[in-house]
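2 protein chains.
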Amino acid sequence: MLGNFTYHNPTRLHFGPEALSHLAGELKNYGPRVQLIYGGGSIKKSGLYDQVIAILKEAGKEIFEDPGVMPNPTVEKLYEGCRIARENNVDLLLAVGGGSCCDYAKGVAVSAWCDEDPWKKYYLRMEEPAGRILPVGCVLTMVGTGSEMNGGSVITNHQEKLKIGHVFGPEVFPKFSILNPNYTLTLPKYQMVAGIYDIMSHICEQYFSDTDDTTSDYLMEGLMRSLIHSSRIAVQDPQNYEARSNIMWIATWALNTLVAQGKTTDWMVHMLGQSVGAYTDATHGMTLSAVSLPYYRHILPYGVHQFQKFAVNVWGVDPAGKSDEEVAQAGLAAMEAWMKELDLAMDLKSLGVTQDMLEGIAKGTFVMKGGYKVLSPQEILAVLQESL
Amino acid sequence: MLGNFTYHNPTRLHFGPEALSHLAGELKNYGPRVQLIYGGGSIKKSGLYDQVIAILKEAGKEIFEDPGVMPNPTVEKLYEGCRIARENNVDLLLAVGGGSCCDYAKGVAVSAWCDEDPWKKYYLRMEEPAGRILPVGCVLTMVGTGSEMNGGSVITNHQEKLKIGHVFGPEVFPKFSILNPNYTLTLPKYQMVAGIYDIMSHICEQYFSDTDDTTSDYLMEGLMRSLIHSSRIAVQDPQNYEARSNIMWIATWALNTLVAQGKTTDWMVHMLGQSVGAYTDATHGMTLSAVSLPYYRHILPYGVHQFQKFAVNVWGVDPAGKSDEEVAQAGLAAMEAWMKELDLAMDLKSLGVTQDMLEGIAKGTFVMKGGYKVLSPQEILAVLQESL
Chain A
1 MLGNFTYHNP TRLHFGPEAL SHLAGELKNY GPRVQLIYGG GSIKKSGLYD QVIAILKEAG
61 KEIFEDPGVM PNPTVEKLYE GCRIARENNV DLLLAVGGGS CCDYAKGVAV SAWCDEDPWK
121 KYYLRMEEPA GRILPVGCVL TMVGTGSEMN GGSVITNHQE KLKIGHVFGP EVFPKFSILN
181 PNYTLTLPKY QMVAGIYDIM SHICEQYFSD TDDTTSDYLM EGLMRSLIHS SRIAVQDPQN
241 YEARSNIMWI ATWALNTLVA QGKTTDWMVH MLGQSVGAYT DATHGMTLSA VSLPYYRHIL
301 PYGVHQFQKF AVNVWGVDPA GKSDEEVAQA GLAAMEAWMK ELDLAMDLKS LGVTQDMLEG
361 IAKGTFVMKG GYKVLSPQEI LAVLQESL
Chain B
1 MLGNFTYHNP TRLHFGPEAL SHLAGELKNY GPRVQLIYGG GSIKKSGLYD QVIAILKEAG
61 KEIFEDPGVM PNPTVEKLYE GCRIARENNV DLLLAVGGGS CCDYAKGVAV SAWCDEDPWK
121 KYYLRMEEPA GRILPVGCVL TMVGTGSEMN GGSVITNHQE KLKIGHVFGP EVFPKFSILN
181 PNYTLTLPKY QMVAGIYDIM SHICEQYFSD TDDTTSDYLM EGLMRSLIHS SRIAVQDPQN
241 YEARSNIMWI ATWALNTLVA QGKTTDWMVH MLGQSVGAYT DATHGMTLSA VSLPYYRHIL
301 PYGVHQFQKF AVNVWGVDPA GKSDEEVAQA GLAAMEAWMK ELDLAMDLKS LGVTQDMLEG
361 IAKGTFVMKG GYKVLSPQEI LAVLQESL
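Sequence lines, in order, name chains A and B.
Just so you know, the first sequence maps onto residues 1 to 388 in this note's numbering.
Just so you know, the second sequence maps onto residues 1 to 388 in this note's numbering.
If you are wondering where the hints come from, they were derived from the structure by calculation, not from laboratory data.
Worth double-checking, as some hints may not be accurate.
Each pair may be met inside one copy or between any two copies, as identical chains are not told apart.
Unchecked claim - Simulated crosslink set (DSBU-like; lysine-lysine; CA at most 30 Å straight-line):
hint, residue 1, residue 2
1, K120, K363
2, K77, K189
3, K189, K161
4, K45, K175
5, K309, K340
6, K44, K61
7, K28, K175
8, K373, K363
9, K175, K44
10, K263, K175
11, K373, K322
12, K309, K263
13, K349, K369
This structure is a prediction, so every number in the text was calculated from the model and none was measured.
Please put together the full structure from these sequences, using the hints given.
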């Protein structure tokens, strides 16, 4: 059922091979001091770094470099970014990279002028931002997180072994994002498929909750069918623009608040995966793929109706002559086969998790309400053991 | 294929039974002079008028009434609205009603401070607005047009026998819209089903173009499946909140620019229907339903692939043992059966069209490119004759 909600997503998206041509126009809306956020050398190798620098200089901007954003941005890096932003009184945070850069930029956006420890305020206590928020722009080079059109910001604290995401409101969303599917074509296959599974997981997290008849479910079924179709083309032919452009667009709409309307969600696969990430620094999408099937098989009995719809409407399972539970199980089997086609991590061992870590990972897993079953600590451990 | 585009939809939507509680907060963003736009007596009968007036007064607003917006807003009414806005120097146009009120409000928004004839500038010459644009807010009481989250504005000139829609950019979109599905429950069944078919037609207009593999197609298939499902519940039980809330939400997403990305479109059913509307003043959705099937059967040979996908993915037609064209035809037959279930107008005669009007209607039909077949004047006339 669609009850009370407010939908507001003001991010302006420039999509396509010519998307970067809009950067100059966007820059006019902000003052001259730009903090340029990026990761390692990939944007220098591809030439994108030089292109962006040229556009910034042409626009008369003063550039404050903030490189070295890691795949799972750390709280130490967050503090460093805040220092750069504050000392230089920057007017715009421009993130050039994947979801990590964009997540990090949003973290800096709310934290730079925050007068207490942002880790405690935003990630441990989950408070809403007060005071000055710096505007964020994004040039996306990797696909999966949806960070380019939402308020999500995941930060990792290795010392406390915690990886926590805060979902901020529209005032923290990127003001603009530049999405050129061609930037994603050079990504190593491992990163590409991890991103694809991240998208799939975002949709599943929202799909597997409630049994109402909600338009959101139909939209998600469409997104999943499109993703499955395009991903099969992309793993065979990573240079296929049509497939990669669809995947980029699906990623945005999988997690920009639209398909969540009317759904209660618990995001338990992400809670499990993030805890694994805090212990191993493994690629985010792979931590999700490794725990998904044991988790879904565990909760299936509590949400048979939706798992059955998933099987028929997303995977084309023929329900004739099968019980509801058999149909539901056949859907997960079809998903498993697809995951193996993509060569995703199917267990935690392959990500470096050892038996002795499981108890800590279980303890670091936030247990959320909103799904079919609130897991007990024993169940969390059992799912992780099954995933090992 | 998803090529170059910019997606930007900044309208803030407040949805659900409590949506009106957000009006006071929205009003704070504007000056004290509010032009209150509405149609006839229905919002007075339902009590909504009194509620809105109370909120406006509580917010200290000065109210300038602009009632009498007709189902197909006329150019004379547009001139009147501009006069009210200009003479009173209003700060906000608040439309309370259906798509007509909202379309009209957007027309006034761009025309009030326009120093030439807005009919000529915006509707005949299709120019973009320059100069001051008044902000629009919307409290929606009818569902179908999607006007609450787009830049569409259809105005009718009875003297010139023209009904023309201009689709303005995001600067003209309503700043906020209040969507309470309960407001739609009291609508007469004729208006409800006409609105449902308007939604279906919006999706079909965008779906039947291109044969690329685009995520937009999958999203539209999801929206159509949800609409068909909910409409069948709503015609049996108009008080069903779940069904009516889904229909309201589908209407918004069917025409807010999302599902158009990657699609070329010709909007020919609307071009035909609008010309019928200029001659008869018939309900918009019914003019669309009356011409749809003859038009689609006419173009089917040029777009068999997409009509076949429509049949299988939207209507569940089993393709086994059928040629592509037979599958495609079976899809339209399924749509026809659904339209009859809803008791839609299936021919133009029932809308008051007579044989002698056909030539004029054909002449008033703008022929657009972007679909499977650019129709010749003879073909337009043939489709209308078939629809009679």
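Quick rundown of the hints versus the structure:
1. K120 with K363: within (19 Å within a copy, 68 Å between copies)
2. K77 with K189: Within. Shortest intra-copy distance 27 Å satisfies the 30 Å Cα cut-off; inter-copy 60 Å does not.
3. K189 with K161: Within. Shortest intra-copy distance 28 Å satisfies the 30 Å Cα cut-off; inter-copy 59 Å does not.
4. K45 with K175: within (27 Å within a copy, 42 Å between copies)
5. K309 with K340: Answer is both; intra-copy 22 Å and inter-copy 28 Å each pass.
6. K44 with K61: within (19 Å within a copy, 56 Å between copies)
7. K28 with K175: both (13 Å within a copy, 23 Å between copies)
8. K373 with K363: Within one copy, since 18 Å is at most 30 Å while 62 Å is not.
9. K175 with K44: within (24 Å within a copy, 40 Å between copies)
10. K263 with K175: Answer is both; intra-copy 26 Å and inter-copy 25 Å each pass.
11. K373 with K322: within (25 Å within a copy, 45 Å between copies)
12. K309 with K263: Result: close both inside a copy and across copies, 16 Å intra and 29 Å inter.
13. K349 with K369: within (28 Å within a copy, 57 Å between copies)
Checked against the numbered hints above, the structure violates none of them.
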